[in-house]
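On the provided structure of chain R, position chains W, X and V as indicated by the hints.
Protein chains: 4
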Amino acid sequence: MAPELARLGHIALETPDLADSMEFFHDAVGMEEVERTADTVYLRAMDEFAHHSLSLTERDSAGVAHIGWQTAEPEHVEQYAERLTDMGVDVRWVAEDEERGQGDAIRFEVPHGHTFELYFEMEKPDPPAERRSRLRNRTYSPTTTNPVAPRQIDHVQIWDPNARDCAEWLQEHLDFEMHERYNLEDGSRWGTFLSASGTKIEAAVIQNESGQAPPAVHHTAYTVDGGADLFEAGDAMKEHKVPIDGFGQHSISRGKFLYARDTTTGHRIEFNDGGYLVFDPDWDPIEWEETDLDDRQWLGGLTPGNAVHY
Amino acid sequence: MAPELARLGHIALETPDLADSMEFFHDAVGMEEVERTADTVYLRAMDEFAHHSLSLTERDSAGVAHIGWQTAEPEHVEQYAERLTDMGVDVRWVAEDEERGQGDAIRFEVPHGHTFELYFEMEKPDPPAERRSRLRNRTYSPTTTNPVAPRQIDHVQIWDPNARDCAEWLQEHLDFEMHERYNLEDGSRWGTFLSASGTKIEAAVIQNESGQAPPAVHHTAYTVDGGADLFEAGDAMKEHKVPIDGFGQHSISRGKFLYARDTTTGHRIEFNDGGYLVFDPDWDPIEWEETDLDDRQWLGGLTPGNAVHY
Amino acid sequence: MAPELARLGHIALETPDLADSMEFFHDAVGMEEVERTADTVYLRAMDEFAHHSLSLTERDSAGVAHIGWQTAEPEHVEQYAERLTDMGVDVRWVAEDEERGQGDAIRFEVPHGHTFELYFEMEKPDPPAERRSRLRNRTYSPTTTNPVAPRQIDHVQIWDPNARDCAEWLQEHLDFEMHERYNLEDGSRWGTFLSASGTKIEAAVIQNESGQAPPAVHHTAYTVDGGADLFEAGDAMKEHKVPIDGFGQHSISRGKFLYARDTTTGHRIEFNDGGYLVFDPDWDPIEWEETDLDDRQWLGGLTPGNAVHY
Amino acid sequence: MAPELARLGHIALETPDLADSMEFFHDAVGMEEVERTADTVYLRAMDEFAHHSLSLTERDSAGVAHIGWQTAEPEHVEQYAERLTDMGVDVRWVAEDEERGQGDAIRFEVPHGHTFELYFEMEKPDPPAERRSRLRNRTYSPTTTNPVAPRQIDHVQIWDPNARDCAEWLQEHLDFEMHERYNLEDGSRWGTFLSASGTKIEAAVIQNESGQAPPAVHHTAYTVDGGADLFEAGDAMKEHKVPIDGFGQHSISRGKFLYARDTTTGHRIEFNDGGYLVFDPDWDPIEWEETDLDDRQWLGGLTPGNAVHY
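Residue numbers (UniProt numbering), protein chains in the order written: chain R, 1 to 310; chain W, 1 to 310; chain X, 1 to 310; chain V, 1 to 310.
Be aware that one or more of the hints could be misleading.
[To be verified] Derived lysine to aspartate or glutamate pairs resembling EDC-like cross-links, with alpha carbons at most 20 Å apart:
| no. | chain 1 | residue 1 | chain 2 | residue 2 |
| --- | --- | --- | --- | --- |
| 1 | X | K241 | X | E23 |
| 2 | X | K124 | X | E98 |
| 3 | R | K124 | R | D97 |
| 4 | R | K241 | V | E35 |
| 5 | R | K241 | X | D292 |
| 6 | X | K124 | X | E23 |
| 7 | W | K241 | W | D27 |
| 8 | R | K124 | W | D282 |
| 9 | W | K124 | R | D284 |
| 10 | R | K241 | X | D295 |
| 11 | V | K124 | V | E35 |
| 12 | V | K241 | W | D295 |
| 13 | V | K124 | X | D284 |
| 14 | W | K241 | V | D295 |
| 15 | V | K124 | X | D282 |
| 16 | V | K124 | V | D104 |
| 17 | V | K241 | R | D280 |
| 18 | W | K241 | X | E130 |
| 19 | X | K241 | X | D20 |
| 20 | X | K124 | V | D282 |
| 21 | W | K124 | W | D27 |
| 22 | V | K124 | X | E287 |
| 23 | R | K124 | W | D97 |
| 24 | V | K241 | W | E289 |
| 25 | V | K241 | V | D17 |
| 26 | R | K241 | R | E23 |
| 27 | W | K124 | R | D280 |
| 28 | W | K124 | W | D97 |
| 29 | W | K241 | V | D282 |
| 30 | X | K241 | R | D295 |
| 31 | W | K124 | W | E73 |
| 32 | V | K124 | X | E35 |
| 33 | R | K124 | W | E73 |
| 34 | X | K124 | X | D245 |
| 35 | W | K241 | V | D292 |
| 36 | R | K124 | R | D20 |
| 37 | X | K124 | X | D97 |
| 38 | R | K241 | X | D282 |
| 39 | W | K124 | W | E33 |
| 40 | R | K124 | R | D104 |
Hint data in this document are derived by calculation from the structure and do not stem from the laboratory.
Looking at chain R on its own, in the form it has when it is part of the complex (with noise of 0.2 Å):
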């Protein structure tokens, strides 16, 4: 069987600042914060079963350490290792708890800069007594956090100076499937939405309009349980003075969307609820042209901003 990915596992960020930055992901956002080392902090959404999904480390400035993908066997992260290493890829192993909760991973560049990581195994995190839930099927109670908080990792967005070719690196090496995709009036690509899982958009690589700015990530999306939370979600960024970049549905993907920045980094968080799911192994994929629709949202819209470097 050949090599695949099973899903977006997380996302390591750097910040300059930790305890300003943890203002943002935990005080506002409202993510768990699951254990911490010396620089780093580890976060999970509400509904996740894996040790974490963010992590935030601090650095000198902010950026964007690696986007973590899990394996659906054990043996994947060697057998890509293998792969990439024969491709010339320059692949780093990492020891197993180096990323704490992790086992032995991989991580190295893919095109045209992004730092991905591989990974199998990872701890499932148990709860203090106090904090356990009363069902099996949820590891901490949620009512004592933030009403807004995140549910589950959803997807990354990426911006590269040529997106095109980074998709199809990923879909042709990775094995990521294409689940939309949106050209320009010009016939460029503007954007690919892939999935590693095949069940949903779990990565968007989008053009950085500007050819040569460096790789870079847009946000991190994090589920939530419905339409109506978005609005709480807005509550209360607003009430801790979190800006907002940007609130309504796309059109790709049909997601609802709230975005939230942290001042300290410029690393953004999306809320995010509905779109579809796709399950359907015959699945062809959405071909979206510039002029389909007058807004590539649907409702609402976005403030222009910059994504944060690796």
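Just chains W, X and V, lined up with the frame of chain R:
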């Protein structure tokens, strides 16, 4: 590569009065009629990309014809046919389009009498211009349909006189994965919650409490867009004088639910919201004991009632 | 007892093309047609107990005929007529049923040119049997109508060349209460938010930024059942190619909103959810300064556009 | 002008164990503690502008001290005192601040033993800076509180051994209006649904089925922001091991509900959403007969249980 099932695709139901049952499935529940033959109506839910997810065929009495599963690859239908024939299972081939919109398929009984169908090919819906959505990732526009209309098929609940054996057979021979299981105080298994897609519960296999009863289907579940929609669904069912057999939230799967019943046949639809997605390849099945909670329902409750036989 | 207004009752709008405007108000927005005369259609929202809350009359051009307010007691119509006549206001009596379903009424202009109507008697809707709800506290069953159909009329927003004087006149002579007011940095009043019922905002009186512009109506607001329904409403508007002029949450009133516009006339409907109810008899008006927040909208935003003149 | 009541203001409850009851009202239900005296805690809901809407006083046993109604004008307290005294009702004056935050008030028994309090003056909450909302029309910021926290007090349900007489006395002497009433098959009145504010149901007066039982309160209802929040409320109650006594939608009032109970005292909170507002001055009371529907609940159901005596 070993054959795999991709997802629950559709259920084929029988009714002694097609017009009466359409009052339930179409007028009250809100499903869309896609196509009609001499004795059968094919229906789909609002956010589905396949020809149909439910069919109603006029027969002498109410019954379940089969439960349809889509394979991961076209050649898996043949591969399963071989595997099952080798095991002594009586496999019948169903020619392309015998079931409208569908390619070659196989039908067979799984223990202890449930009729399953496996297929890969299924037409995509081609809506008339006036019903077509402006969004390329949506087929029909839902704006003129029932507000509580189902979104996507989610799972079936089947009752079996020896449910644990049935579930284990499905895991062993059709490669279902177990996501949750529930044991009674006497140590016996009451329910096993399986998935073909690997990402959610698609078949709940429940012990028929009267051991002599034949295999049956209790309900077919469809997703809606949020908890508030379950109240809307209840409202619509009541205005249509449709009996409601349960309303609340399950402990298992954490799905919120409302059960509605076609009085002509006893077939039930579950309007379902929430629960969780299992993309994790290292999922540990959730193991419930009867004593874990006072009630199998986390919230609200069910009215006891029969399932419909094949 | 001094006369009092009980509530905002209805708005009478004019259109050069009744059929086109019905595509907006009926087909897209989802209002129910109650009755039709030679030149007028009377419409109601889903949870209203009065004959109509909006009428559309065919005239040479788009316009607002009047805004109707129901008095607290039958004799208050006459009492207001006397008061206004004594003040030199030109009061015209409207005979019973000149406006369908309505008893004797008066019409007059308030500064600076808005036509108000006061009435007490209004028929109750009498739905045909097949449209009657099973619930005695609901008139028509909503189950076959648009899911985003308005529930109850909520407020009107009027634009005035001297809005503060207009608002103060309404407070002094028609006994409106002020619930909120918003001042610009130069100390001038931008908006006054009044209630006739004393329990919610029913008339927003806004400074027309071009001082020479005639009095006008920017929108008529109807409630929906929750924040998620605003996304549904947006979806329905988009599928019907109806322009959306705003989506988000107001700071003033805290109402969540979506504005949709009839392209034939420029008349706007606001789908509105939330905000707060003021039952407190000792309410202190909320006083906003322009510098209190970065934006008058707490979340999302508005597209500038004209209001429709009388 | 005759005196009038403006609205249901608060309920004063008694508990043998204040700390235990605060685990219910504060920790689980999510009400905010405003102030605390030697034996009493004052609580408010999230969207209220008055000092408190519920108080808990430590006493030997669970009980209801009184139900507080705010008058429409300051002088109405005195006017009601005179009217009631003239009728032979024993009226006791309560000095300003005897109940924290409140001006001069009167207390008295209405048939057949319910203690009512009338007052006009009530302090507005003055939140500490770190809890203050950025919105001037909101007092405390809710962002750090329980997501299911009540929004505003809505109604009380009282049980009476002769409920019809009780209701008629309230209509005649305290100027309550009847919005709905429900008759049993034997022609007797089961429930009368009254409003002081004239715009919603604020007091449900229910026939105590055991005729000899003393007057009691079954529950105090608070609004939440939508139907989905009732599922959230249920989730929070279950995680806190709080018993739930009902979940669904009432036919009368069309309110969606979830009942939760303080096991220490038996006091119940209803989380309530929806229903309708009656601004119509010409409202015809809704008249239900027992045979109109199969069940008093439109959806879901109730668990029988006792009310708490005065």
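Checked hints:
For the hint linking X/K241 to X/E23, the alpha-carbon distance of about 11 Å falls within 20 Å, and the restraint holds. A hinted pair counts as satisfied when its Cα atoms are at most 20 Å apart, and X/K124 with X/E98 qualifies at roughly 16 Å. Note on R/K124 and R/D97: the hinted pairing holds, with a Cα-Cα distance of about 13 Å set against a maximum of 20 Å. Our distance criterion of 20 Å between C-alpha atoms is broken by R/K241 and V/E35, whose separation comes to about 28 Å.
The hinted pair formed by R/K241 and X/D292 meets the criterion: a straight-line CA distance of about 13 Å does not exceed 20 Å. Of the pairs offered as hints, the one joining X/K124 and X/E23 is violated, with about 25 Å between alpha carbons and a cut-off of 20 Å exceeded. The straight-line distance between the Cα atoms of W/K241 and W/D27 is roughly 11 Å, inside the 20 Å bound, and the hint therefore holds. Straight-line distance between C-alpha atoms of R/K124 and W/D282 comes to about 10 Å, which keeps the hinted pair within the 20 Å bound.
Between W/K124 and R/D284, the direct Cα distance comes to roughly 10 Å. Compliance with the 20 Å bound is thereby established for this hinted pair. A hinted pair counts as satisfied when its Cα atoms are at most 20 Å apart, and R/K241 with X/D295 qualifies at roughly 13 Å. Taking the CA atoms of V/K124 and V/E35, the gap is about 12 Å. The hint holds against a cut of 20 Å. Between V/K241 and W/D295, the direct Cα distance comes to roughly 13 Å. Compliance with the 20 Å bound is thereby established for this hinted pair.
Between V/K124 and X/D284 the alpha-carbon distance is near 10 Å, which keeps this suggested pair within the 20 Å criterion. Restraint check for W/K241 and V/D295: satisfied, since their Cα atoms lie roughly 13 Å apart, inside the 20 Å limit. For the proposed pair V/K124 and X/D282, the alpha carbon gap of about 10 Å is at most 20 Å, so the pair holds. Distance check on the hinted pair: V/K124 and V/D104 sit about 16 Å apart at the alpha-carbon level, within 20 Å; holds.
Taking the CA atoms of V/K241 and R/D280, the gap is near 41 Å; set against the 20 Å cutoff, the hint is violated. Note on W/K241 and X/E130: the hinted pairing holds, with a Cα-Cα distance of about 13 Å set against a maximum of 20 Å. Distance restraint check for X/K241 and X/D20: the Cα-Cα separation of roughly 13 Å lies within the 20 Å cut-off, and the hinted pair is therefore satisfied. Under the criterion of a C-alpha separation no larger than 20 Å, the hint pairing X/K124 with V/D282 is consistent with the structure, at around 10 Å.
Annotation: proposed proximity of W/K124 to W/D27 is violated, straight-line Cα distance about 23 Å (limit 20 Å). Between V/K124 and X/E287, the direct Cα distance comes to roughly 15 Å. Compliance with the 20 Å bound is thereby established for this hinted pair. For the given pair, R/K124 sits about 47 Å from W/D97 by alpha-carbon distance, which is inconsistent with the 20 Å threshold. The suggested pairing of V/K241 with W/E289 holds, with an alpha-carbon distance near 18 Å, which does not exceed 20 Å.
Between V/K241 and V/D17, the direct Cα distance comes to roughly 18 Å. Compliance with the 20 Å bound is thereby established for this hinted pair. Distance restraint check for R/K241 and R/E23: the Cα-Cα separation of roughly 11 Å lies within the 20 Å cut-off, and the hinted pair is therefore satisfied. Of the supplied pair hints, the one linking W/K124 and R/D280 holds, its CA atoms being roughly 11 Å apart against a limit of 20 Å. Restraint check: the Cα-Cα separation between W/K124 and W/D97 comes to about 13 Å, which is no more than 20 Å; the hinted pair holds.
Proximity of W/K241 to V/D282 is assessed by CA-CA distance (about 31 Å); at most 20 Å being required, the pair is judged violated. A distance of roughly 13 Å separates the Cα atoms of X/K241 and R/D295; the hinted pair therefore holds under the 20 Å criterion. The hinted pair formed by W/K124 and W/E73 meets the criterion: a straight-line CA distance of about 17 Å does not exceed 20 Å. The suggested pairing of V/K124 with X/E35 is violated, with an alpha-carbon distance near 47 Å, which exceeds 20 Å.
About 32 Å separates the Cα atoms of R/K124 and W/E73, which puts this hinted pair outside 20 Å; it is violated. This hinted pair does not check out: X/K124 and X/D245 have alpha carbons roughly 33 Å apart, beyond 20 Å. About 13 Å separates the Cα atoms of W/K241 and V/D292, which keeps this hinted pair within 20 Å; it holds. Simply put, R/K124 and R/D20 have alpha-carbon atoms about 28 Å apart, too far for the 20 Å limit, and the pair is violated.
For the proposed pair X/K124 and X/D97, the alpha carbon gap of about 13 Å is at most 20 Å, so the pair holds. Under the criterion of a C-alpha separation no larger than 20 Å, the hint pairing R/K241 with X/D282 is inconsistent with the structure, at around 31 Å. A threshold of 20 Å between alpha carbons decides the hint, and for W/K124 with W/E33 the separation of about 14 Å falls inside it, so the pair holds. Between R/K124 and R/D104 the alpha-carbon distance is near 16 Å, which keeps this suggested pair within the 20 Å criterion.
Checked against the numbered hints given earlier, the structure breaks hints 4, 6, 17, 21, 23, 29, 32, 33, 34, 36 and 38 and satisfies all the rest.
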